[in-house]
Amino acid sequence: SFPGTALYARRDKLERPSHVATKTFQALRIFVNDELNELHAGLRAAQTLLRPGGRLCILTFHSLEDRLVKRFLSGGDMATLAQRHPGRELRRRRGEEEPEWGGGEDTGRLGGGESQKATAVKASHWIPLQRGVATPQKEELAENPRGRSAKLRAALRC
1 SFPGTALYAR
11 RDKLERPSHV
21 ATKTFQALRI
31 FVNDELNELH
41 AGLRAAQTLL
51 RPGGRLCILT
61 FHSLEDRLVK
71 RFLSGGDMAT
81 LAQRHPGREL
91 RRRRGEEEPE
101 WGGGEDTGRL
111 GGGESQKATA
121 VKASHWIPLQ
131 RGVATPQKEE
141 LAENPRGRSA
151 KLRAALRC
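Okay, so the sequence shown: first residue is 1 according to our numbering, each after it adds one.
Fair warning: there could be bad hints in the mix.
For each label pair, taking beta carbons as the anchor points, the in silico distance ranges come out as [to be verified]: (1) Gly95 / Ala142: 30 to 36 Å; (2) Arg131 / Ala6: 41 to 47 Å; (3) Tyr8 / Arg93: 36 to 42 Å; (4) Ala27 / Glu97: 21 to 27 Å; (5) Gly132 / Thr22: 40 to 46 Å.
Everything labelled a hint here was simulated from the structure, so no lab data went into it. All residues carry an ideal CB built from backbone N, CA and C; glycine is no exception.
Work the whole structure out from these sequences, hints included.
Put into structure tokens, the structure is as follows:
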């Protein structure tokens, strides 16, 4: 058993005490619930089901989710995520099929003087509705401190 001072010695971004096992249990929850694959499946479903002009709003609560959403909306190559996913080996051992990956066309090497961002926008099925990401304002955080990690991204289907 650890003394209480050691368990809450870690501080969050708002300088509040945070339990040392918080990140560990978050990682276990993400893995056990297969949250990243579920998120990706939802994004692919939205891409398939939304008509051109449809709006997609995604609220993420940690950096892994946000990175996946950001790459998906920018038309990044999602195949590299499957190679790094810890559940891949587990599914292979169980004899389960691999999930369907691929969030956009692979931009490959750039040529002809085009920027990587311009090529990604061409490969993407989405147009951002706002620049960057929306995060809670100070007034909202004072009312609901648990929302401090929330990020909102919105895009229009091409």
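- Using the C-beta atoms of alanine 27 and glutamate 97, is the stated range 21 to 27 Å upheld? holds, 25 Å
- Task: Take the C-beta atom of tyrosine 8 and the C-beta atom of arginine 93, compute their distance, and say whether it sits inside 36 to 42 Å.
- Result: holds, 38 Å
- Regarding arginine 131 and alanine 6, is the given constraint of 41 to 47 Å on their beta-carbon distance met? holds, 43 Å
- Verdict for glycine 95, alanine 142 (Cβ pair) under range 30 to 36 Å: violated, 51 Å
- Task: Confirm or reject the claim that glycine 132 and threonine 22 have a C-beta distance inside 40 to 46 Å.
- Result: violated, 27 Å
Hints 1, 5, counting from the list given before, are not met by this structure.
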